[in-house]
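Student: Sequence:
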Amino acid sequence: MTTAPIALITGGNRGIGRSTAIELARDGVDVVLTYRTNEEEARAVVGEIQALGATGRALRLDTSVVPSFGAFADELRGTLDDLGRDGVDLLVNNAGTGLARPFAETTPEQFDEMVDVHLKGVYFLTQRLLGVLSDGAMIVNVSSGLTRFSHAGSSAYAVVKGGVEVLSRYLALELGGRGITVNTVAPGAVATDFRGGAIRDSAQVREMIAAASPFGRVAEADDVGTAIAGLFASRSRWITGQRIEVSGGMAL
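Going left to right, the sequence shown walks through residues 600 to 851 as the working numbering numbers them.
Just so you know, these hints were derived from the structure itself, not from any lab.
Among the clues, some could well be false.
[Stated by the list, open to error] Derived DEER-like restraints, expressed as beta-carbon distance ranges:
1) D685 x L772: 22 to 30 Å
2) R805 x P666: 37 to 45 Å
3) M807 x R625: 29 to 37 Å
4) R836 x T654: 18 to 26 Å
5) E819 x E638: 20 to 28 Å
6) S749 x A650: 40 to 48 Å
7) E638 x T602: 25 to 33 Å
8) R625 x V665: 18 to 26 Å
9) A699 x G669: 31 to 39 Å
10) A670 x P813: 40 to 48 Å
11) G686 x V665: 37 to 45 Å
12) G815 x A703: 29 to 37 Å
13) S667 x P701: 28 to 36 Å
For clarity, every value in this text was computed on a predicted model and none was experimentally measured.
From the three backbone atoms N, C-alpha and C, an ideal C-beta is built for every residue, glycine too.
Build the full structure now, drawing on both the sequences and the hints.
Tutor: What follows is the structure, given as structure tokens:
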């Protein structure tokens with residue numbers, strides 16, 4: 600009997616992370632997802648994963664707290680042991696939070712929060728999990744279309760996401776000897792609860808974004824989740840160090 604691959608998705612309880620977990624489960628991939636505060640929401644996603652015939656687990660993790668990563672890695676190893684697994688086949692660094700603040704008004708504290716969650720957290724969590732990742736695994740770091748096109752009030756968020764894209768290239772270089780691929784997926788504007796549902800809940804914003812895409816609509820979380828799951832399903836070992844934009848052709 601062949602053991603199903605297993606994925607670890609940070610921030611898998613909602614939005615793009617949840618969609619990715621569900622799409623992977625449809626493909627027969629087992630999923631360990633993390634959540635920061637909403638355990639009930641995470642358990643509900645685990646239920647959806649299991650209803651699709653895959654195995655799901657939820658672990659608490661705040662990706663902005665680097666000193667907690669050692670304990671998390673130990674807990675993850677225990678979970679993998681319970682599932683009879685030796686390592687993680689897919690790591691999706693997705694967890695994050697937004698900041699809508701003009702450059703002139705952004706505080707050092709707000710900037711540090713973006714760095715801690717989106718860059719420092721991704722850097723050191725991945726480092727801590729090197730011993731948990733299987734040889735030949737895939738890492739997907741979630742970035743943003745805002746590293747290509749600009750939107751006022753997004754400078755701090757976009758800057759750290761740009762750092763994630765550079766990090767992905769370096770990880771691809773340094774981990775290639777183990778057959779590990781590392782790529783960036785950069786979504787455009789997506790109608791989720793990100794930034795308090797600013798896109799999802801505003802008809803005016805949705806209309807503006809739809810006008811910027813050749814498809815004439817706003818992306819839903821599933822548009823990005825299926826792309827990430829599809830990248831893993833392709834089993835391509837020759838795509839690494841790349842930025843893959845999943846924006847519906849925004850601002851072409």
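Student: Now look at each hint and say whether the structure bears it out.
Tutor: Structure-based check of each hint:
1. Separated by about 25 Å at the C-beta atoms, D685 and L772 satisfy the suggested range of 22 to 30 Å.
2. Remark: the range hint 37 to 45 Å for R805 to P666 is upheld by a beta-carbon distance near 40 Å.
3. The given range of 29 to 37 Å is respected by M807 and R625, whose C-beta atoms sit roughly 32 Å from each other.
4. The beta-carbon spacing between R836 and T654, approximately 25 Å, falls within the hinted interval of 18 to 26 Å.
5. Separation of E819 from E638 is about 25 Å and conforms to the stated range, judged on CB atoms against 20 to 28 Å.
6. Taking the beta carbon of each, S749 and A650 are about 41 Å apart, inside 40 to 48 Å as hinted.
7. Taking 25 to 33 Å as the suggested C-beta distance range, the pair E638 and T602 conforms, at roughly 28 Å.
8. In this structure the supplied range 18 to 26 Å is violated for R625 paired with V665, their Cβ-Cβ distance being about 33 Å.
9. Separated by about 33 Å at the C-beta atoms, A699 and G669 satisfy the suggested range of 31 to 39 Å.
10. The hinted window of 40 to 48 Å between A670 and P813 holds, with their beta carbons roughly 46 Å apart.
11. For G686 and V665, the Cβ-Cβ distance of about 22 Å falls outside the hinted range of 37 to 45 Å, so the restraint is violated.
12. Here the CB-CB span from G815 to A703 is close to 34 Å, well matched to the stated 29 to 37 Å.
13. Taking 28 to 36 Å as the suggested C-beta distance range, the pair S667 and P701 conforms, at roughly 32 Å.
In terms of the numbered hints stated before, the structure departs from hints 8 and 11, listed from lowest to highest.
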